[in-house]
Structure formats: C-alpha cells, structure tokens
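> Sequence:
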Amino acid sequence: MKLINAIIKPFKLDDVREAISEVGIDGLTVSEVRGFGRQKGHTELYRGAEYQVDFLPKVKLEIAVKSDDADRIIEAITKSAYTGKIGDGKIFVYDLDSAVRIRTGELDSAAL
Numbered sequence: 347m348k349l350i351n352a353i354i355k356p357f358k359l360d361d362v363r364e365a366i367s368e369v370g371i372d373g374l375t376v377s378e379v380r381g382f383g384r385q386k387g388h389t390e391l392y393r394g395a396e397y398q399v400d401f402l403p404k405v406k407l408e409i410a411v412k413s414d415d416a417d418r419i420i421e422a423i424t425k426s427a428y429t430g431k432i433g434d435g436k437i438f439v440y441d442l443d444s445a446v447r448i449r450t451g452e453l454d455s456a457a458l
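Residues 347 to 458 (the working numbering) are what the sequence shown spells out, left to right.
Note that these hints are calculated values from the structure, not bench results.
Possibly wrong hints are sitting among the right ones.
[To be verified] Calculated pairs, DMTMM-like style, for lysine to aspartate or glutamate (alpha carbon to alpha carbon, straight line, at most 20 Å):
#  : residue 1 : residue 2
1  : LYS412    : ASP443
2  : LYS431    : ASP372
3  : LYS348    : ASP372
4  : LYS348    : ASP454
5  : LYS406    : ASP361
6  : LYS425    : ASP414
7  : LYS412    : GLU378
8  : LYS355    : ASP434
9  : LYS412    : ASP372
10 : LYS425    : ASP400
11 : LYS406    : ASP360
12 : LYS404    : GLU452
13 : LYS348    : GLU452
14 : LYS425    : GLU452
15 : LYS425    : ASP360
16 : LYS404    : ASP360
17 : LYS436    : ASP454
18 : LYS431    : ASP454
19 : LYS406    : GLU421
20 : LYS406    : ASP417
21 : LYS348    : ASP415
22 : LYS425    : ASP454
23 : LYS436    : ASP415
24 : LYS436    : GLU421
25 : LYS431    : GLU421
26 : LYS425    : GLU408
27 : LYS406    : ASP441
28 : LYS404    : ASP454
29 : LYS412    : ASP434
30 : LYS436    : ASP400
31 : LYS358    : GLU368
32 : LYS404    : ASP361
33 : LYS406    : GLU452
34 : LYS404    : GLU368
35 : LYS358    : GLU408
36 : LYS348    : ASP414
37 : LYS348    : ASP400
38 : LYS406    : GLU364
39 : LYS425    : GLU368
Between the sequences and the hints, there should be enough to build the whole structure, so can you do that?
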C-alpha cells in the first residue's frame, strides 16, 4: 500500500478530485495548508501599505491506495493539477505499512 500526499493550488482541487474519481478512488483527506517553495511568497498591497506574504495558501491531499494503483493516481493528479506556472505543487509517495477501518476492523487493503 502507498500513501500519496499531494500539495496543490487550491483552485485545482475540484479538477484533481474529478480526475482521481475517474481512476476509481473514492476517498481522500483534504487539508488547507500554507507554505512556500521556489516562489518564496509574494508582495501584496493593503490600504496603501505593501507587505510580504511568505506563506501561500495550498491544499494538501492524502490518499491511501493499493500499490498497484499508485502510478495511475499520481499521473491523474499531475495532469489535473498542472498549470505550467511556478507553485503547481508536489507529490510525495510513502510506503504504508498498515491500515485499519475502525468501524469494521478490516485490515490493510480491505480497509481502503
């Protein structure tokens, strides 16, 4: 099993959700996060004063999947989150040792 963490631009969330649904993924966890990468934030003007915004709003997706499905899901996320501009995001993939569905006690891939 794999755990896929994807950090994407907030306005791409619906596109990504639709794309992963098309490849058969029914569940994911979404968190609103803030951070920066190469773009290093930006400057904004508020009531005549300029200030630096160091942490940009992003969306973090966490998706637990069977190992066989990981590549298809990564491809779906990559294509649907792409804008071609700096800050499109990153995808991190981790090995997932175990999973338990609390309600039923199902284990590992049956719990997904």
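> Take the hints in turn and mark each one as holding or not.
Here is what the structure says about each hint:
1. Note on LYS412 and ASP443: the hinted pairing holds, with a Cα-Cα distance of about 11 Å set against a maximum of 20 Å.
2. Between LYS431 and ASP372 the CA atoms are separated by roughly 29 Å; this puts the pair beyond 20 Å, and the hint is violated.
3. For the hint linking LYS348 to ASP372, the alpha-carbon distance of about 15 Å falls within 20 Å, and the restraint holds.
4. The hinted pair formed by LYS348 and ASP454 meets the criterion: a straight-line CA distance of about 11 Å does not exceed 20 Å.
5. About 14 Å separates the Cα atoms of LYS406 and ASP361, which keeps this hinted pair within 20 Å; it holds.
6. The straight-line distance between the Cα atoms of LYS425 and ASP414 is roughly 19 Å, inside the 20 Å bound, and the hint therefore holds.
7. For the hint pairing LYS412 with GLU378, the CA-to-CA distance comes to about 25 Å; that exceeds 20 Å, so the pair is violated.
8. Restraint check for LYS355 and ASP434: satisfied, since their Cα atoms lie roughly 6 Å apart, inside the 20 Å limit.
9. Between LYS412 and ASP372 the alpha-carbon distance is near 13 Å, which keeps this suggested pair within the 20 Å criterion.
10. With a C-alpha separation of about 27 Å, the suggested pair LYS425 and ASP400 falls outside the 20 Å cut-off, and the hint is violated.
11. At roughly 13 Å between alpha-carbon atoms, LYS406 and ASP360 fall within 20 Å of each other, so this suggested pair holds.
12. Restraint check for LYS404 and GLU452: not satisfied, since their Cα atoms lie roughly 33 Å apart, outside the 20 Å limit.
13. A hinted pair counts as satisfied when its Cα atoms are at most 20 Å apart, and LYS348 with GLU452 qualifies at roughly 17 Å.
14. Distance hint between LYS425 and GLU452 is unfulfilled; the C-alpha atoms sit about 33 Å from each other, more than 20 Å.
15. A C-alpha spacing of about 13 Å is found between LYS425 and ASP360, which places the hinted pair at or below 20 Å, so the restraint holds.
16. Taking the CA atoms of LYS404 and ASP360, the gap is near 13 Å; set against the 20 Å cutoff, the hint holds.
17. The straight-line distance between the Cα atoms of LYS436 and ASP454 is roughly 26 Å, outside the 20 Å bound, and the hint therefore fails.
18. Pair hint LYS431 plus ASP454 does not hold up; C-alpha atoms about 37 Å apart against a cutoff of 20 Å.
19. For the hint pairing LYS406 with GLU421, the CA-to-CA distance comes to about 17 Å; that is within 20 Å, so the pair holds.
20. A hinted pair counts as satisfied when its Cα atoms are at most 20 Å apart, and LYS406 with ASP417 qualifies at roughly 18 Å.
21. Only pairs whose Cα atoms come within 20 Å are accepted, and LYS348 paired with ASP415 is accepted, the gap being roughly 9 Å.
22. A distance of roughly 28 Å separates the Cα atoms of LYS425 and ASP454; the hinted pair therefore is violated under the 20 Å criterion.
23. Taking the CA atoms of LYS436 and ASP415, the gap is near 18 Å; set against the 20 Å cutoff, the hint holds.
24. The straight-line distance between the Cα atoms of LYS436 and GLU421 is roughly 12 Å, inside the 20 Å bound, and the hint therefore holds.
25. Restraint check for LYS431 and GLU421: satisfied, since their Cα atoms lie roughly 18 Å apart, inside the 20 Å limit.
26. Restraint check for LYS425 and GLU408: the C-alpha separation of about 17 Å stays at or below 20 Å, so the hint holds.
27. About 18 Å separates the Cα atoms of LYS406 and ASP441, which keeps this hinted pair within 20 Å; it holds.
28. Only pairs whose Cα atoms come within 20 Å are accepted, and LYS404 paired with ASP454 is rejected, the gap being roughly 29 Å.
29. Restraint check: the Cα-Cα separation between LYS412 and ASP434 comes to about 25 Å, which exceeds 20 Å; the hinted pair is violated.
30. At most 20 Å may separate the alpha-carbon atoms for a hinted pair to count; LYS436 and ASP400 meet this at roughly 18 Å.
31. For the given pair, LYS358 sits about 16 Å from GLU368 by alpha-carbon distance, which is consistent with the 20 Å threshold.
32. With a C-alpha separation of about 15 Å, the suggested pairing of LYS404 with ASP361 holds against the 20 Å cut-off.
33. Of the pairs offered as hints, the one joining LYS406 and GLU452 is violated, with about 26 Å between alpha carbons and a cut-off of 20 Å exceeded.
34. A hinted pair counts as satisfied when its Cα atoms are at most 20 Å apart, and LYS404 with GLU368 does not qualify at roughly 23 Å.
35. The straight-line distance between the Cα atoms of LYS358 and GLU408 is roughly 15 Å, inside the 20 Å bound, and the hint therefore holds.
36. This hinted pair checks out: LYS348 and ASP414 have alpha carbons roughly 9 Å apart, not beyond 20 Å.
37. Proximity of LYS348 to ASP400 is assessed by CA-CA distance (about 31 Å); at most 20 Å being required, the pair is judged violated.
38. Only pairs whose Cα atoms come within 20 Å are accepted, and LYS406 paired with GLU364 is accepted, the gap being roughly 16 Å.
39. Restraint check: the Cα-Cα separation between LYS425 and GLU368 comes to about 13 Å, which is no more than 20 Å; the hinted pair holds.
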